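Visitor: Sequence:
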Amino acid sequence: MNSVIDAVNQDNSVITLSANTMEVLQLQSGDTVLVKESRDKTTALIVISDNKMEDGYACVNHVVRNNLGIKHGDIVRVYPCDDIKYAKHIAIRPVLDTMEGFTGSLFEDYLAPYFRDHYRPVHQDDLFTIQHDDREVEFKVIELDPPEYGIVEEQTLIHCDASNRQHCHRIRTRPRQVPWDPSSKFLYQYA
1 MNSVIDAVNQ
11 DNSVITLSAN
21 TMEVLQLQSG
31 DTVLVKESRD
41 KTTALIVISD
51 NKMEDGYACV
61 NHVVRNNLGI
71 KHGDIVRVYP
81 CDDIKYAKHI
91 AIRPVLDTME
101 GFTGSLFEDY
111 LAPYFRDHYR
121 PVHQDDLFTI
131 QHDDREVEFK
141 VIELDPPEYG
151 IVEEQTLIHC
161 DASNRQHCHR
171 IRTRPRQVPW
181 DPSSKFLYQY
191 A
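Under the UniProt record's numbering, the residue at position 24 of the sequence shown is numbered 24, and the numbers go up by one with no gaps.
No wet-lab data here; the hints were simulated from the structure.
The calculated BS3-like cross-link candidates involving lysine-lysine, where the alpha carbons are at most 25 angstroms apart (straight line), are:
1. K41 to K71
2. K71 to K36
3. K36 to K52
Remember, predicted model here, so these are calculated numbers, not experimental data.
All chains, full assembly: derive it from the sequences and hints.
Guide: Okay, here's the thing in structure tokens:
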């Protein structure tokens with residue numbers, strides 16, 4: 001168990017532990033872990049080591065703390081997540097009040113740069129924020145395949161539903177507009 005402190009690294013996908021804690025948990029920097037709070041609320045993160053950290057502490061940013069419903073000093077448990085798979089599909093929805101006045105492409109301006117070449121783990125129902133220019137937009141993970149958690153990679157089909165703007169993209173391909181079929185859970189027909 002680790003007590004939560006504020007992160008120096010403000011990455012939404014990262015938890016930092018001491019080198020000794022990582023050795024005890026048999027983890028290496030870059031491994032994916034599940035982080036749980038006392039009521040078993042869970043998220044998936046990439047663990048990194050910091051030789052200057054004290055044992056018994058976990059550094060996470062405000063986004064991760066909000067997803068877990070924790071504050072500084074709360075206790076979290078960290079578990080290796082060896083069974084995590086690459087996500088085939090992910091449905092993401094922006095928090096509309098964070099995009100007020102935005103007229104660009106959510107995929108090109110926010111999602112593609114955030115996910116491209118980063119192999120980020122995501123957990124269903126998690127929120128994450130992305131900064132672009134002077135604007136920060138918040139997104140929510142609505143669904144993913146496999147269920148619950150997965151890693152977004154180049155072949156992951158990303159569906160971003162923003163009011164009337166509905167797009168489905170792969171990270172490395174040129175975006176194209178695709179009609180959203182609400183009866184289709186993950187747009188398998190477009191893969």
